[in-house]
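Novice: Listed in order, the protein sequences are those of chains A and B. Residue 232 in our numbering is what sits at position 232 of the first sequence, and the numbering runs on without skipping anything. Residue 139 in our numbering is what sits at position 139 of the second sequence, and the numbering runs on without skipping anything.
Take these hints with a grain of salt, some might be off.
[Claimed, not checked] Quick list of in silico lysine to any residue cross-link-like pairs, SDA-like style, CA-CA up to 25 Å:
1) B:Lys180 x B:Glu380
2) A:Lys16 x B:Asp3
3) A:Lys16 x B:Ile274
By construction, these hints were calculated from the structure, which means they are not laboratory data.
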Amino acid sequence: MKIAVCLKRVPDTTTKIVVAGDGKSIDETGVKFVPNPYDEYAIEAAIAFKEKAGAGETVVYSLGADVAQETMRTALAMGIDRGVLLQSPGSPDGFEVAKALATEIGTGGFDLVLFGKMAVDDYNHQVGIMVAELLELPCISAVSALTIDGSAVTAEREVEGGVEVVTCQLPVVITADKGINTPRLPSLKGIMAAKKKPLELKPVTLGPGGVTVTALALPPERQAGKIVGEGPDAVPALVQLLRNEAKVI
Amino acid sequence: MSDINPRARDYADIRQGVRDVCAPFDSAYWQRVDRASEYPEEFVAALTRAGWLAALIPEEFGGGGLSVTEASVILEEINRSGANSGACHAQMYVMGTVLRHGSPEQKKRYLPAIAAGQLRLQSFAVTEPTAGTDTTKIKTFAERRGDRYVVNGQKVWISRVQHSDLMILLARTTPLEKVKKRTDGLSVFLVDLRQGGGTGLTVRPIENLVHHETNELFFENYEIPADSLIGEEGLGFKYILDGMNAERILIAAECVGDGYWFIDKARTYATERIVFDRPIGRNQGVQFPIAQAYANVRAADLMRYEGARLFDAGEPCGAEANLAKMLAADASWQAANVCLQTFGGFGFANEYDVKRKFRETRLYQVAPISTNLILSFVGEHVLGMPRSF
Ligand SMILES: Cc1cc2nc3c(=O)[nH]c(=O)nc-3n(C[C@H](O)[C@H](O)[C@H](O)COP(=O)(O)OP(=O)(O)OC[C@H]3O[C@@H](n4cnc5c(N)ncnc54)[C@H](O)[C@@H]3O)c2cc1C
Chain A
1 MKIAVCLKRV PDTTTKIVVA GDGKSIDETG VKFVPNPYDE YAIEAAIAFK EKAGAGETVV
61 YSLGADVAQE TMRTALAMGI DRGVLLQSPG SPDGFEVAKA LATEIGTGGF DLVLFGKMAV
121 DDYNHQVGIM VAELLELPCI SAVSALTIDG SAVTAEREVE GGVEVVTCQL PVVITADKGI
181 NTPRLPSLKG IMAAKKKPLE LKPVTLGPGG VTVTALALPP ERQAGKIVGE GPDAVPALVQ
241 LLRNEAKVI
Chain B
1 MSDINPRARD YADIRQGVRD VCAPFDSAYW QRVDRASEYP EEFVAALTRA GWLAALIPEE
61 FGGGGLSVTE ASVILEEINR SGANSGACHA QMYVMGTVLR HGSPEQKKRY LPAIAAGQLR
121 LQSFAVTEPT AGTDTTKIKT FAERRGDRYV VNGQKVWISR VQHSDLMILL ARTTPLEKVK
181 KRTDGLSVFL VDLRQGGGTG LTVRPIENLV HHETNELFFE NYEIPADSLI GEEGLGFKYI
241 LDGMNAERIL IAAECVGDGY WFIDKARTYA TERIVFDRPI GRNQGVQFPI AQAYANVRAA
301 DLMRYEGARL FDAGEPCGAE ANLAKMLAAD ASWQAANVCL QTFGGFGFAN EYDVKRKFRE
361 TRLYQVAPIS TNLILSFVGE HVLGMPRSF
C-alpha cells in the first residue's frame, strides 16, 4: 500500500503567542514549533496501515520554510519512509497550498492520502478536502475510526449526537480527527534512523491566492475568578450569579 | 523565556525524544509514586519501550549504539523533566561489564534481550555493611564446587533487585589473606535472579530517604552455575573499575539535569512571588544565590562534556570523569538548597516537587560514590600526593 501523509509545522499549542509588529502575523522569536497534532494522527495511521499491509511505502509531504525539515524528521522518526518538502514560506490561502500539494501528490500513485482534519494554527479545515477535489478523489473528513479491508474503506465520523459510518473504495483522501488512534512516540532507534532517511527539497511558487489576512488579535485576557463561598451555603449565591451575571443557566 | 541551558539545542532530537516520553509522567504521577514509596514501573517501562535505556548497547546487539555523550543527554533530560534517573540509569550502564568482559556466548545470550527490554539487568551488588567504601574488604565469598559456585555473605544498599532479572555480583573467590595484592581475588558474576525464592538468597528492603527500591541481601549457600562468572576469576575488581568513568560522567549529567530543574523552578518562583509588593527575585538576597548556583551548574556541565568527549575519543578521562561527577553533584545540591530557600515555606510542601527533588539530588553526594573518595582519587592520582588509605 502506498500512502501519502501531509504535515504542517505549527506553533506548540502551549506557546504564548505574541502578535508581530505588522499586526497580521505572529512573532516567531522563542516560539517552539511542533508537528500539527491532527497530522500526527494521520502519520500514525499511515505507519499502522503500512505495517498491517506488510509492504508499501509511506511518504510525508510538507509545504513550508526550510525549518519545516526538523518537524518532518519527527514523522520520519515515528516510522514514515521518506519526505518531500515543498519549499515556500507558506500561504494564508489554503487553496494555493492545496494546489501545490495536489500537483506533487497526484503523480505519486497513492492508494491513500492522509491529512489532519485541520491545522491548529489557522483552524481552516480546508487543505485536505481541496486536495481531494483537485485530484478528483473521494474525501472523508474528520474521521475518528478507520478500517481498510482490501480496497474497501470504512470510516466513522463523529457528528452531532452520534456516529456516521461512511464507506468507499481506495484510493481516497482522509482527514483525521482525534480518537482515530494514539500516535506513537519516536523511539531512540527511530530517531537515529530518521537522520538517514531521504528528505527531498523542492522549491515551489504559490500564486497570490484569493485570501488575505488583514489582522490578528489575541483573545481578551481572562478575568480573575470569583470565590463565592464554601459548602451548601454558597449554592444560592452561585446559582444567582450563574443565572444573572454569567447567564449560563 | 528561552532555555537556561545554552546546550539545549545540541542533540535536540534526543532531548525532544526523551522529553516526549517523560511528559505524561507529571508532577501528580511523581507525587503519587513518592507518597507510596513505590518504584515508578510505568515510567521505566515507557523509557524501555522507546529504547532509551538501550542507548549504550552496540547496534550489533540490537541497542542504540550511542556515545557516552549522547547517553548522558538522555539521563540529563530525565532529571530535567522532574523525574529521577535513579530508578533506571543502571539498566543503561550495568550491562557494560558484560559487554566489555563477558564471553561471546554471554554477550549473545543476554545483550540482545537487554536491548529489547525483555531482560532487566539493573542491579549491581558491591557494597557490604562492614567493608563500606573499602571494597577490597568485602566478605561475600563465592566458592567453586564442580560446575557451580556457592555464595555466602551479605550485601547492603543494593538497588532495584526486585525489578531486575539479572544482577552483577562482586564476591571474593580467594580470601584476602591469600592474595598478593588486596585488589586480587575478587570476581564478578552475572546472577540470574529468576531462579526464584527459597534458593538461599533473601532480599530485605531498606526504608530510606529516596525510593530506588534498595535492599539488604543475604546469601546462604546460594548456588549459581559456574558459567555465571564474567571474564577471569580474580580480576573482578579491575572489571568493576573499568565501568567507573562512564558511570561518573552519566551521573554528572543527571546532576546537571537536576541543577537546571532547580534553577528554572527558583527563577520562575522568584519572578512570580510577590511579597512586600514586589517580586522576591528583585531582592538581590534572593536573586544572587540563584545566579551563583546557576554559574556552578554551567561550570560543572562543561566538565561533564569534557569528560564525555575524552571518553568517546577513547582517551584517558579518569580525572575529568571524577571531577565532573563531584562538581555536578555539588552544583545540583547547591541549586537544590537555593531553590528550597527561594520557595520559603512552600518548598516544604509536596505539591511543588522541590522537596522530593531536594532529597533525590542529595544522594549524589554519597552514592554511587561519596565526595571524599573522589577527592582522594584526585589528590593521589591526579595531583600525585601521598596515598591516604
Ligand atoms: C539509596 C542508595 C542506593 C545505593 N545503591 C547501591 C547499589 O545499587 N549497589 C551498591 O553496591 N551500592 C549501593 N549503594 C551504596 C553506596 O555506594 C555506598 O553507600 C557508598 O559507596 C558509601 O559507602 P558506605 O555507605 O559504606 O559509607 P562508608 O564507607 O561507611 O563511608 C561513610 C562516610 O565516610 C567517608 N569516608 C570513608 N572512608 C574515608 C576515608 N578513608 N577518607 C575520607 N572519608 C572517608 C565517606 O566518604 C562517607 O562520607 C547505595 C546507597 C544508597 C544510599
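Novice: For every hint, state whether the structure bears it out.
Specialist: Outcome of the hint check:
| no. | hint | result |
| --- | --- | --- |
| 1 | B:Lys180 x B:Glu380 | 22 Å, holds |
| 2 | A:Lys16 x B:Asp3 | 15 Å, holds |
| 3 | A:Lys16 x B:Ile274 | 22 Å, holds |
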